[in-house]
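Engineer: Using the sequences and the hints, build the whole thing.
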Amino acid sequence: MHVVVTSDVDAYAADLLVGKWDSIRVLGLATGSTPVNVYGRLIQRYYDGTISFRSKRTFNLDEYLGLAPNHPQSYRATMVRELMQYVDLPDDRFHVPPGISDDYDAACTAYEDDIRAAGGVDLWVLGVGVDGHIAFNEVGSAGASRTRVVGLAASTVAANAKYFDDPDEMPTQAITAGVATIMDAREVLLLAKGDAKANAIAKAVCGDETADTPASWLQGHGNCTFVLDRAAAAGIISLVGADATEASGATGRVHSLEMLG
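Quick note on the numbering used here: the sequence shown kicks off at 1 and runs consecutively.
Hint data in this document are derived by calculation from the structure and do not stem from the laboratory. One or more of the hints may lead you astray.
Unchecked claim - Derived lysine to aspartate or glutamate pairs resembling EDC-like cross-links, with alpha carbons at most 20 Å apart:
# : residue 1 : residue 2
1 : LYS56     : ASP22
2 : LYS56     : ASP102
3 : LYS20     : ASP10
Structural biologist: Here it is, written out as structure tokens:
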């Protein structure tokens, strides 16, 4: 696991993605506040002719159960609003788990099949919750979990209800790519900002691999980078020091810790 601490998470992440663009055929995407400015930078790179989405295929991590695709707070509508309406990705190459289905088990299986049929995800962009959840893999999610319907933790419901005009409309279930689905990606890029994430990040990077901190399963991924601001990295720095390289064992699998400006 590679950990990068930088004052500009958005710029670093966007530059990393653009630098790998030609090798990314299938891009995994997250919704939420953390990656929004990264997407904004990708839009700028699209407008200046540096990148194109036309030959890419994207898969989103999750969707609220019960929300139609055109609901303004559905993750499909959010992705259209924040990225897709500005770039040249064909609509049939933009995939989000269905929020409404007659058979959710079949829909989950189909989503996994679609990812495999596309050749797998080359790079998956992730955020992380204050409790260490990734996608909607809440605390207690097994490392072997696959795309499925899940109940949302009360803390997740409370945190996300602010995006709804009526907080009571906030769904309490979602369909999410599983931990194993994410781990299948050839590369994982996790972004985190702010001191509210520091404890979860420290557990994910320096603690045991455990369902109690779903992001900790990423320690077992062979090509995973955490890009953090200093506030989010505070717990790691206190445990392994600011000059750590090849930290392991009691401090997890931090193979390198890179401190930038």
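Engineer: What's the verdict on LYS56 and ASP102, does the C-alpha distance respect the 20 Å limit or exceed it?
Structural biologist: violated, 29 Å
Engineer: With a cut-off of 20 Å on the C-alpha distance, tell me whether LYS20 and ASP10 pass.
Structural biologist: Given that 20 Å is the threshold and the Cα spacing comes to 16 Å, the pair holds.
Engineer: Would you mind confirming whether the straight-line C-alpha gap from LYS56 to ASP22 stays at or under 20 Å?
Structural biologist: holds, 10 Å
Violation of the numbered hints given earlier is confined to hint 2; every other hint is satisfied by the structure.
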